[in-house]
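This is what each chain is made of:
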Amino acid sequence: GESVGLHLPTLSVQEGDNSIINCAYSNSASDYFIWYKQESGKGPQFIIDIRSNMDKRQGQRVTVLLNKTVKHLSLQIAATQPGDSAVYFCAENDYGNKLVFGAGTILRVKS
Amino acid sequence: GAVVSQHPSRVICKSGTSVKIECRSLDFQATTMFWYRQFPKKSLMLMATSNEGSKATYEQGVEKDKFLINHASLTLSTLTVTSAHPEDSSFYICSAPPTSGQETQYFGPGTRLLVL
Numbered sequence: 078g079e080s081v082g083l084h085l086p087t088l089s090v091q092e093g094d095n096s097i098i099n100c101a102y103s104n105s106a107s108d109y110f111i112w113y114k115q116e117s118g119k120g121p122q123f124i125i126d127i128r129s130n131m132d133k134r135q136g137q138r139v140t141v142l143l144n145k146t147v148k149h150l151s152l153q154i155a156a157t158q159p160g161d162s163a164v165y166f167c168a169e170n171d172y173g174n175k176l177v178f179g180a181g182t183i184l185r186v187k188s
Numbered sequence: 005g006a007v008v009s010q011h012p013s014r015v016i017c018k019s020g021t022s023v024k025i026e027c028r029s030l031d032f033q034a035t036t037m038f039w040y041r042q043f044p045k046k047s048l049m050l051m052a053t054s055n056e057g058s059k060a061t062y063e064q065g066v067e068k069d070k071f072l073i074n075h076a077s078l079t080l081s082t083l084t085v086t087s088a089h090p091e092d093s094s095f096y097i098c099s100a101p102p103t104s105g106q107e108t109q110y111f112g113p114g115t116r117l118l119v120l
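In the order they appear, the protein sequences are chains A and E. Taking our numbering, I'd label the letters of the first sequence as residues 78 to 188. Taking our numbering, I'd label the letters of the second sequence as residues 5 to 120.
Hints may be right or wrong, so weigh each one.
[Said to hold, decoys possible] Pulled from the structure, derived: some chain A residues nowhere near chain E, Cβ distances all over 12 Å:
| no. | residue |
| --- | --- |
| 1 | G93 |
| 2 | S103 |
| 3 | D132 |
| 4 | Q135 |
| 5 | Q137 |
| 6 | L143 |
| 7 | K145 |
| 8 | H149 |
| 9 | S151 |
| 10 | P159 |
| 11 | V186 |
| 12 | S188 |
[Unchecked claim] Going by beta-carbon spacing under 8 Å, a handful of chain E positions derived as facing chain A:
| no. | residue |
| --- | --- |
| 13 | L48 |
| 14 | L50 |
| 15 | F71 |
| 16 | S93 |
| 17 | I97 |
| 18 | P101 |
| 19 | E107 |
| 20 | T108 |
| 21 | Q109 |
| 22 | Y110 |
| 23 | G112 |
| 24 | P113 |
| 25 | G114 |
[To be verified] In silico DMTMM-like cross-links for lysine to aspartate or glutamate, where the CA-CA straight-line distance does not exceed 25 Å:
| no. | chain 1 | residue 1 | chain 2 | residue 2 |
| --- | --- | --- | --- | --- |
| 26 | E | K18 | E | E56 |
| 27 | A | K145 | E | E56 |
| 28 | A | K175 | E | E26 |
| 29 | E | K46 | A | E116 |
| 30 | E | K45 | A | E116 |
| 31 | E | K45 | A | D161 |
These are calculated hints, taken from the structure and not from any lab test. All residues carry an ideal CB built from backbone N, CA and C; glycine is no exception.
Chain E extracted, bound-state conformation:
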């Protein structure tokens, strides 16, 4: 149980385009999901908390207009990188607690974004 999937696993796009990444909880409902960013050989950095039915909460320094988050249902959250630039190239990972309020988070497999 507690499986989280992401799509796509890899994406290459041109500078200036927008990219949407999906995060799905496959066998549980998640009112809250988290989006992280990870650079090579670095740790995970929390970008935002995605809340079903309300606005996402962004961490300090993360541009909300740049990284649009939509928690469309209890099993789906999307992250859209708008007007992507090469510096947005990174590994994006989502996570979700399998039970509402539970502290343990299970992570998706990640999405590798390369902006040319």
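Chain A with its partners taken away, still in its complex shape:
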């Protein structure tokens, strides 16, 4: 079936550097995508979303890029901080408002 997957299972960055987390999706009919952050032992926290009629969306220190041609989604975090250390999931809105989650990327921020 259709699925959403991530390229990098673990990403280590130096504090202050920019982070880029990637996600590939396979359902070309998907029109809504969300990035979530999950800290250990907690539920996922909404970060940012984007619709398929957009290529880029910016939030506070975060930017999501969508490339529909290659079915690729990325999350950019500017000036990464230790508090950004977590697992990041991309999610694709499936039919009936169901979310299909990617495998997740662990972000480790080194001080």
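The hints should help you fit chain E onto chain A, whose structure is shown.
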């Protein structure tokens, strides 16, 4: 806004007992809630969609008699793990869209279940 709570946050039970997990939307009404299961270092797996006033919709491979879902009101959904076994030990998370039909989902803090 859009706060979702779960209770309990952690539960340890003996094999064969049943455990009830509550999911509440604190500042909005949710006609639909979702229940997920997550194993360590794994992604979230949708178990079922909880619908207020009607039966839950289960994903393929999820036993409806094992995981009973009741959407009692517009702010409460419960998941009961019946006759729990060690393989049911997992992290259970609920979510809800803050507005009916909205695609964005906000998640509860999760419930850690350990079955001995």
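Do the hints match the structure? See the list:
1. G93: Non-interface label on A/G93 holds, nearest chain E Cβ at 27 Å vs cutoff 12 Å.
2. S103: holds, 15 Å
3. D132: About 19 Å separates A/D132 from the closest Cβ of chain E, which puts it past 12 Å; holds.
4. Q135: Holds, because the least Cβ-Cβ distance between A/Q135 and chain E comes to about 17 Å, which exceeds 12 Å.
5. Q137: Check passes; 17 Å lies beyond 12 Å.
6. L143: With a cut-off of 12 Å, A/L143 remains clear of chain E, as the shortest Cβ separation is near 15 Å.
7. K145: holds, 17 Å
8. H149: holds, 18 Å
9. S151: A/S151 clear of chain E: closest Cβ-Cβ about 18 Å, beyond 12 Å.
10. P159: Fine: 21 Å to the nearest Cβ keeps A/P159 off the interface.
11. V186: holds, 19 Å
12. S188: The assertion about A/S188 holds, with a minimum of 23 Å to chain E.
13. L48: holds, 5 Å
14. L50: Check passed: Cβ of E/L50 comes within 6 Å of chain A, closer than 8 Å.
15. F71: violated, 16 Å
16. S93: Since the shortest Cβ distance to chain A is 14 Å, the answer is violated.
17. I97: holds, 5 Å
18. P101: Since the shortest Cβ distance to chain A is 7 Å, the answer is holds.
19. E107: holds, 5 Å
20. T108: holds, 6 Å
21. Q109: With a closest approach of 6 Å, the E/Q109 hint holds.
22. Y110: holds, 6 Å
23. G112: holds, 5 Å
24. P113: holds, 5 Å
25. G114: holds, 5 Å
26. E/K18 / E/E56: The hint is violated at about 31 Å.
27. A/K145 / E/E56: Roughly 35 Å between the alpha carbons, so the hint for A/K145 and E/E56 is violated.
28. A/K175 / E/E26: This hinted pair holds, its Cα atoms lying about 20 Å apart.
29. E/K46 / A/E116: holds, 13 Å
30. E/K45 / A/E116: holds, 11 Å
31. E/K45 / A/D161: Roughly 17 Å separates the two Cα atoms, so the pair holds.
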